[in-house]
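**Student:** Sequence:
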Amino acid sequence: MSKLKRDLTLFDLIFYGVGIILGAGIYVLVGHATAEAGNAVWMSFVIAAIIASFTGLSYAELSSMYPKDAAEYTFVKTAFKDTTVGFVIGWLTFTMTIIAGAAVSLGFGQYLSSLTGVSAVTGAAALVILFATLNYTGIKISSRINIILTSLTVLGLLIIIAIGLPHIGSVDYFELPKGFIGIFGAAAIVFFAYLGFDEIVNVSEESKNAKRNVPKAIIISVAITTVIYILVALSAVSVVPWQHLGKSGTPMTLVAQQGMGDSAGMLLGIFALFATASTVLILMIAASRMLFGMAEDNVMPKALLKVGKRKTPYVCILIITIVSLAFIMYTGIKDIALLVDFSAFFVFAMINLSALILRFTQPNTKRLFKVPLSIGRVPLLPLLGFLISGYMILHFSIPLIWYGIIVMVAGYVFYKFYESGNIKK
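Numbering (our numbering), first residue to last: 4 to 428.
Simulated from the structure, these hints should not be mistaken for lab results. Mixed in with the good hints there might be a few duds.
[Stated by the list, open to error] Straight-line Cα separation of at most 27 Å, DSS-like style, residue types lysine-lysine; simulated pairs:
(1) K369 x K219
(2) K309 x K419
(3) K84 x K305
Keep in mind it's a predicted model, so treat the numbers as computed, not measured.
Based on the sequences and whatever the hints tell you, model everything.
**Tutor:** Here you go:
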């Protein structure tokens, strides 16, 4: 069996993480968050970063033990000593990644449509096909394109920060219109701006010195994006009153218009294209590697293990492309995309629980990175990550939880059919 080529350095992995975390969501989330937290919205980003870090540190420890593609499947299967449980979590993660990629590609299509008049679906489909081709050409080329897109995304946010710098200190950054309840309410909103750090582990098999570099990349990418988010939040409320930001669907445009005039809308639309494109590219890479990793462990058909001359899993890439295009064509994708939120917290709960379990069942397994702060064998941060993730799951609507259960049951049924030989191995 051909192996994937280990081309990704720590530098590549950091850009991979920053690129997927810094999606276009920040351009909208600041408005919703300031409506809750007022000028103190920066505190909400700090709280959300701390919460995300609990799970991020669990991923870092587990990836230092098992640097594999299909990471969630591997971690949970190993912790629970049950391939079926691991497969269901891997299936849920895989489904979540494809749906997220399709939803974000539609976001790209909508930005493109606003600038050029091209149909949003056409723009989204073209992006998926383009990135599928790029994905096939090799992980190194894909990584270089991602570095360019991520750099442009960061540049857009740096422009917002630069506009706000002369105004820093002009408002009370501890003004709490809704008290601390508002701060935590806004933290729940902006938490989703941090989703994506977990995808770094799914290119472990194409990373140099993965046991060291993957954990480092997770921690560094979350740290970098946190600093950027805090500076963006401080700049936004310094330039535009939080009351106005909270009522706007395009808060960053309001900020940019203060420093750049009416042309700011088009400029931010272009930067949003870069942000969404970077996220789609990374999600497509991650989804194809998840599929490949599960096939490596013989829980998916062996045909998925075919690797082309460029050392990329072309069968997996083709399947991801077809499924992504199907989701794009379904006009209800925005409703289905709500599954991503539920799936993320469910998977995070299982990852944190896996980190806890393995501290007891495999205490002597070498960990190049170990989550700090423990009482005896109990690591406190994964415990907090598990409790917070479980708490968030309880706040989803009953219909949405049922949709999530249906996805997991579908994965369970598929695996049992595959295990019994009814699906060709």
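**Student:** Now tell me if each hint is right for this structure.
**Tutor:** Structure-based check of each hint:
1. Annotation: proposed proximity of K369 to K219 holds, straight-line Cα distance about 16 Å (limit 27 Å).
2. At roughly 23 Å between alpha-carbon atoms, K309 and K419 fall within 27 Å of each other, so this suggested pair holds.
3. Annotation: proposed proximity of K84 to K305 holds, straight-line Cα distance about 23 Å (limit 27 Å).
Violated hints are absent here; each numbered hint is respected by the structure.
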